[in-house]
Amino acid sequence: MKASRARLFKEYKEVQREKTADPDIQLVCDDSNIFKWTALIKVVSKQKNGGKKKIGPSETPYEGGVFQLAFAVPEQYPLQPPQVRFLTKIFHPNVHFKTGEICLDILKNAWSPAWTLQSVCRAIIALMAHPEPDSPLNCDSGNLLRSGDMRGFQSMARMYTRLAAMPKKG
Amino acid sequence: MVSEDNVIEDSVSVEDDFDGDDYEYDDGGDDYDDDYGDAGDDDDDYGLVEDDDVDDPGAMVSRRPKLGYTVLQEADIKQRQEDDISKVSTVLSLSQVEATILLRHYNWNVNEVHDEWFSDEERVRKSVGLFERQVVDVSDASEFTCGICFDLLPCDNFASASCGHPFCQECWQGYICTSINDGPGCLLLRCPEPSCKAAVGPDMIDKLAPCEEKEKYSQFLLRSYIEDNREAKWCPAPGCENAVNFAVGGGDFDVTCLCSYRFCRNCTVEAHRPVDCETVTKWMLKNSVDGENVNWILHHSKTCPKCKRPIEKNQGCMHMTCTPPCSYEFCWLCLRAWSSHGLATGGFYSCNVYEAEMQKGNVDAAMRREMAKNSFEKYTHYYERWASNQSSREKALEDLNRMESENMEKLCNVQCTTMSQLKCITEAWLQIVECRRVLKWTYAYGYYLPEHEKTKTQFFEYLQGIHFFFFLKAEAGLERLHRCAEKELDKYVTADGPSSDFDDFRTKLTGLTSVTKTYFENLVRALENGLEDVNSTACNKTVSPRSPASPRSPTGRNGKGRGSRGKESPRAGGASKNVDDTSK
Numbered sequence: 001m002k003a004s005r006a007r008l009f010k011e012y013k014e015v016q017r018e019k020t021a022d023p024d025i026q027l028v029c030d031d032s033n034i035f036k037w038t039a040l041i042k043v044v045s046k047q048k049n050g051g052k053k054k055i056g057p058s059e060t061p062y063e064g065g066v067f068q069l070a071f072a073v074p075e076q077y078p079l080q081p082p083q084v085r086f087l088t089k090i091f092h093p094n095v096h097f098k099t100g101e102i103c104l105d106i107l108k109n110a111w112s113p114a115w116t117l118q119s120v121c122r123a124i125i126a127l128m129a130h131p132e133p134d135s136p137l138n139c140d141s142g143n144l145l146r147s148g149d150m151r152g153f154q155s156m157a158r159m160y161t162r163l164a165a166m167p168k169k170g
Numbered sequence: 001m002v003s004e005d006n007v008i009e010d011s012v013s014v015e016d017d018f019d020g021d022d023y024e025y026d027d028g029g030d031d032y033d034d035d036y037g038d039a040g041d042d043d044d045d046y047g048l049v050e051d052d053d054v055d056d057p058g059a060m061v062s063r064r065p066k067l068g069y070t071v072l073q074e075a076d077i078k079q080r081q082e083d084d085i086s087k088v089s090t091v092l093s094l095s096q097v098e099a100t101i102l103l104r105h106y107n108w109n110v111n112e113v114h115d116e117w118f119s120d121e122e123r124v125r126k127s128v129g130l131f132e133r134q135v136v137d138v139s140d141a142s143e144f145t146c147g148i149c150f151d152l153l154p155c156d157n158f159a160s161a162s163c164g165h166p167f168c169q170e171c172w173q174g175y176i177c178t179s180i181n182d183g184p185g186c187l188l189l190r191c192p193e194p195s196c197k198a199a200v201g202p203d204m205i206d207k208l209a210p211c212e213e214k215e216k217y218s219q220f221l222l223r224s225y226i227e228d229n230r231e232a233k234w235c236p237a238p239g240c241e242n243a244v245n246f247a248v249g250g251g252d253f254d255v256t257c258l259c260s261y262r263f264c265r266n267c268t269v270e271a272h273r274p275v276d277c278e279t280v281t282k283w284m285l286k287n288s289v290d291g292e293n294v295n296w297i298l299h300h301s302k303t304c305p306k307c308k309r310p311i312e313k314n315q316g317c318m319h320m321t322c323t324p325p326c327s328y329e330f331c332w333l334c335l336r337a338w339s340s341h342g343l344a345t346g347g348f349y350s351c352n353v354y355e356a357e358m359q360k361g362n363v364d365a366a367m368r369r370e371m372a373k374n375s376f377e378k379y380t381h382y383y384e385r386w387a388s389n390q391s392s393r394e395k396a397l398e399d400l401n402r403m404e405s406e407n408m409e410k411l412c413n414v415q416c417t418t419m420s421q422l423k424c425i426t427e428a429w430l431q432i433v434e435c436r437r438v439l440k441w442t443y444a445y446g447y448y449l450p451e452h453e454k455t456k457t458q459f460f461e462y463l464q465g466i467h468f469f470f471f472l473k474a475e476a477g478l479e480r481l482h483r484c485a486e487k488e489l490d491k492y493v494t495a496d497g498p499s500s501d502f503d504d505f506r507t508k509l510t511g512l513t514s515v516t517k518t519y520f521e522n523l524v525r526a527l528e529n530g531l532e533d534v535n536s537t538a539c540n541k542t543v544s545p546r547s548p549a550s551p552r553s554p555t556g557r558n559g560k561g562r563g564s565r566g567k568e569s570p571r572a573g574g575a576s577k578n579v580d581d582t583s584k
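From first to last, the protein sequence lines are chains Z and H.
Going by the UniProt record's numbering, the final residue of the first sequence carries number 170, and the count climbs one at a time with no gaps.
Going by the UniProt record's numbering, the final residue of the second sequence carries number 584, and the count climbs one at a time with no gaps.
Just so you know, these hints were derived from the structure itself, not from any lab.
It is possible that some hints are incorrect.
Not everything, but these chain H residues come out facing chain Z in the computed CB check (under 8 Å) [what the hints assert, rightly or not]: (1) Phe-144; (2) Gly-147; (3) Ile-148; (4) Cys-149; (5) Phe-150; (6) Cys-171; (7) Gly-174; (8) Thr-178; (9) His-319.
Okay, derived cross-link-like pairs now, DSSO-like style, lysine-lysine, Cα gap no bigger than 30 Å in a straight line [unchecked claim]: (10) Z:Lys-108 x H:Lys-214; (11) Z:Lys-108 x H:Lys-197; (12) Z:Lys-98 x H:Lys-302; (13) Z:Lys-108 x Z:Lys-89; (14) H:Lys-207 x Z:Lys-2; (15) H:Lys-87 x H:Lys-126; (16) H:Lys-282 x H:Lys-216; (17) H:Lys-87 x Z:Lys-98; (18) Z:Lys-168 x Z:Lys-108; (19) H:Lys-87 x Z:Lys-108.
Quick partial rundown of chain Z residues pointing at chain H, CB under 7 Å, derived from the structure [what the hints assert, rightly or not]: (20) Lys-10; (21) Leu-79; (22) Ser-112; (23) Pro-113; (24) Arg-122; (25) Ala-126; (26) Ser-135.
Ideal Cβ placement from N, Cα and C applies to all residues, glycine included.
Starting from the given sequences, assemble the full structure and let the hints guide the process.
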């Protein structure tokens, strides 16, 4: 308990100090509870990101979206992984469409205490850019990708990005 | 597995205690001829007969099969494990710790370790996580930042695996304890640095874990030596901590532990010859759970296709990964290796294999529902008989224990004889216990015997006939033996002084024991060879008329001369001959 608090506090300070290092990730700690965090992930296009190939191919269907993640950190953290789920609806083979549950090995059996909340966010961004249709939680999405229907997948994913992850226009 | 021979010789052997119980198929087939041919001679003339037939030392030797397994006690297991570790450590010039990690990785197979190591040391080191030099070197610095708690700490507080990634000792302790408390997967522990594959071995555990976890870890390590080893299994008897070591692919599945529990080393259920493992598993599942539970288990759980542990799937995708150290990856739908799934085989989620089977299954399902109505009565019939033999067997075991603890000494005193002369009584009881076991399983066999089909009716009627014939012989033999060991023995225990006919009694009991044993061996063979048996038409003619209806009809015409004629003139034709032929 004490160790997890100390570690989370260190991460909190690090986040404050390094705000500019990762402009696409906004990690926010709950005001009253250090074990509850939220993150906003901005998926920006290649051009806006200064040409850096940070978030994968420019044709990512999540482009322009802002996705909110909820972290529930267990008391055994960092020996146990945090529980992370998408609060924003997203059409992705490895994210449960209803609950936002994420199928990512580092959040399950491949967890290492050397990971941080920040690096988990980075791993999730990488997962968004490179879906793993081999182990799908969202079968519809996985089936589209697996059958090679890139256009179908892209348009579905883009539609949900517009509906759920972008500010409403007008 | 020739190399195993020398190992077997020098360890604890149970050969002497259970010599005859093994059903090895030896070549002394002629020995059995007598008892088949004489379906009717159930008269009381065993004493004479068996002296010639079985007590002949030559016959005993030829019949005694070679044991294909060794029973290991905890000390033996430790010893073997240490020997293996030392062997690898000497041959490969590695530390004991490195040898342990290496052996664990290759499931304690010394030969495989040697082969792999000498074919490509570099690759083995990489995949196992044994680094020759550190990737990171912080030994010069006075302070370091722990990669887990992010504290800046003085260097005396640091520890690392062979890679050199520094973490403080408290964090190491937490990391190791979490892993140990998660189960035997801790034997595969790696450096906490995500990209680093360096193995964390027993030396780190020793240095950094608290006592309780250390104890757990060494238990896991010891268990791993049996559980991950293809050639060893734990004795499944409750409270027994022995294991058996055997040669894979070699001979008999039935093994007897030092605790005298007999079990099948393939499926680790109690010994179940003549029934095969699959049938037993089906039968046990059917018995152990009531309808509701069966349904639940069938619908919600499957067993890992590799390690057979039951798995309940409550979330996630169809890509299953069994808990370490098995870590087998498979498809939940069709239970085949995940690696066999991909675009080429029809994809990851809609498993083609499964769908093809479902189409077949739909047809089956309708038939199954139809059959379910009829099957319950049939099941009850067989189950009752199975269960009653089970309880008879337990009763016989109790009787044996009571006999050994109470009556044996009394009998020694009353009859003025030595313990070793009374060995035949223990043997008789052990035989009774064994017979009950076989009888029990014949009911499971009977339950799964294929239903009659038009084309096969004749065949199966014949088959059941021949089984029934052996079955009656065996059962009658057992009854006589039981009576003799229970009732008649009582007379001698309660007698006032030495009885003049006690020696005769002993001879008779020995005879009955061995005759009954032969009957049961024949029964087991007949059932195991059931399908091959019938190929010979000659046999068909001889046996069919007298098998089911009148097993006792050709009265004791061969009775008297049986023993002396025995091996020299095996009876021509007859079921016995045929069975022996097929069993070779």
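The hints, checked one at a time:
For Phe-144 (chain H), the interface hint is violated, since its Cβ never comes within 8 Å of a Cβ in chain Z; the closest pair sits about 14 Å apart. Below 8 Å, beta-carbon pairs count as interface contacts, and Gly-147 (chain H) has one with chain Z at about 5 Å; its hint therefore holds. Because the closest C-beta pair between Ile-148 (chain H) and chain Z is about 4 Å apart, less than 8 Å, the hint holds. At its closest, the beta carbon of Cys-149 (chain H) sits 6 Å from a beta carbon of chain Z; the interface hint therefore holds under the 8 Å criterion.
With a cut of 8 Å, the hint placing Phe-150 (chain H) at the interface with chain Z holds, because the nearest CB-to-CB distance is about 5 Å. Because the beta carbon of Cys-171 (chain H) sits about 7 Å from the nearest beta carbon in chain Z, less than 8 Å, this interface hint is met. With a cut of 8 Å, the hint placing Gly-174 (chain H) at the interface with chain Z holds, because the nearest CB-to-CB distance is about 5 Å. A hinted interface residue such as Thr-178 (chain H) counts as satisfied when its beta carbon comes closer than 8 Å to some beta carbon of chain Z; here the least separation is about 4 Å, so the hint holds.
Look at His-319 (chain H): its Cβ gets to within about 4 Å of chain Z, closer than 8 Å, so that hint holds up. This hinted pair checks out: Lys-108 (chain Z) and Lys-214 (chain H) have alpha carbons roughly 25 Å apart, not beyond 30 Å. For the proposed pair Lys-108 (chain Z) and Lys-197 (chain H), the alpha carbon gap of about 17 Å is at most 30 Å, so the pair holds. Distance check on the hinted pair: Lys-98 (chain Z) and Lys-302 (chain H) sit about 26 Å apart at the alpha-carbon level, within 30 Å; holds.
For the suggested pair Lys-108 (chain Z) and Lys-89 (chain Z), the alpha carbons sit about 22 Å apart, so the restraint of at most 30 Å is met. Simply put, Lys-207 (chain H) and Lys-2 (chain Z) have alpha-carbon atoms about 24 Å apart, close enough for the 30 Å limit, and the pair holds. For the hint pairing Lys-87 (chain H) with Lys-126 (chain H), the CA-to-CA distance comes to about 22 Å; that is within 30 Å, so the pair holds. Taking the CA atoms of Lys-282 (chain H) and Lys-216 (chain H), the gap is near 34 Å; set against the 30 Å cutoff, the hint is violated.
Between Lys-87 (chain H) and Lys-98 (chain Z) the alpha-carbon distance is near 56 Å, which puts this suggested pair outside the 30 Å criterion. Taken as a hint, the Lys-168 (chain Z) and Lys-108 (chain Z) pair is broken in the structure, with Cα atoms around 35 Å apart against an allowance of 30 Å. A distance of roughly 37 Å separates the Cα atoms of Lys-87 (chain H) and Lys-108 (chain Z); the hinted pair therefore is violated under the 30 Å criterion. Annotation: Lys-10 (chain Z) was flagged as interfacial toward chain H, and the flag holds, the nearest CB pair being 5 Å apart, inside 7 Å.
Because the closest C-beta pair between Leu-79 (chain Z) and chain H is about 4 Å apart, less than 7 Å, the hint holds. Satisfaction of the interface hint for Ser-112 (chain Z) is found here, the shortest Cβ-Cβ separation to chain H being roughly 5 Å, below the 7 Å cut-off. Checking Pro-113 (chain Z) against chain H: minimum C-beta separation of about 4 Å stays under 7 Å; hint holds. Hint status for Arg-122 (chain Z): violated, given a least beta-carbon distance of 12 Å to chain H, over 7 Å.
Contact between Ala-126 (chain Z) and chain H, as hinted, is not supported at the beta carbon level, the nearest pair being about 13 Å apart and thus beyond 7 Å. The restraint placing Ser-135 (chain Z) at the interface with chain H holds, with a minimum CB-CB distance near 4 Å, inside the 7 Å limit.
Checked against the numbered hints above, the structure violates hints 1, 16, 17, 18, 19, 24 and 25; every other hint is satisfied.
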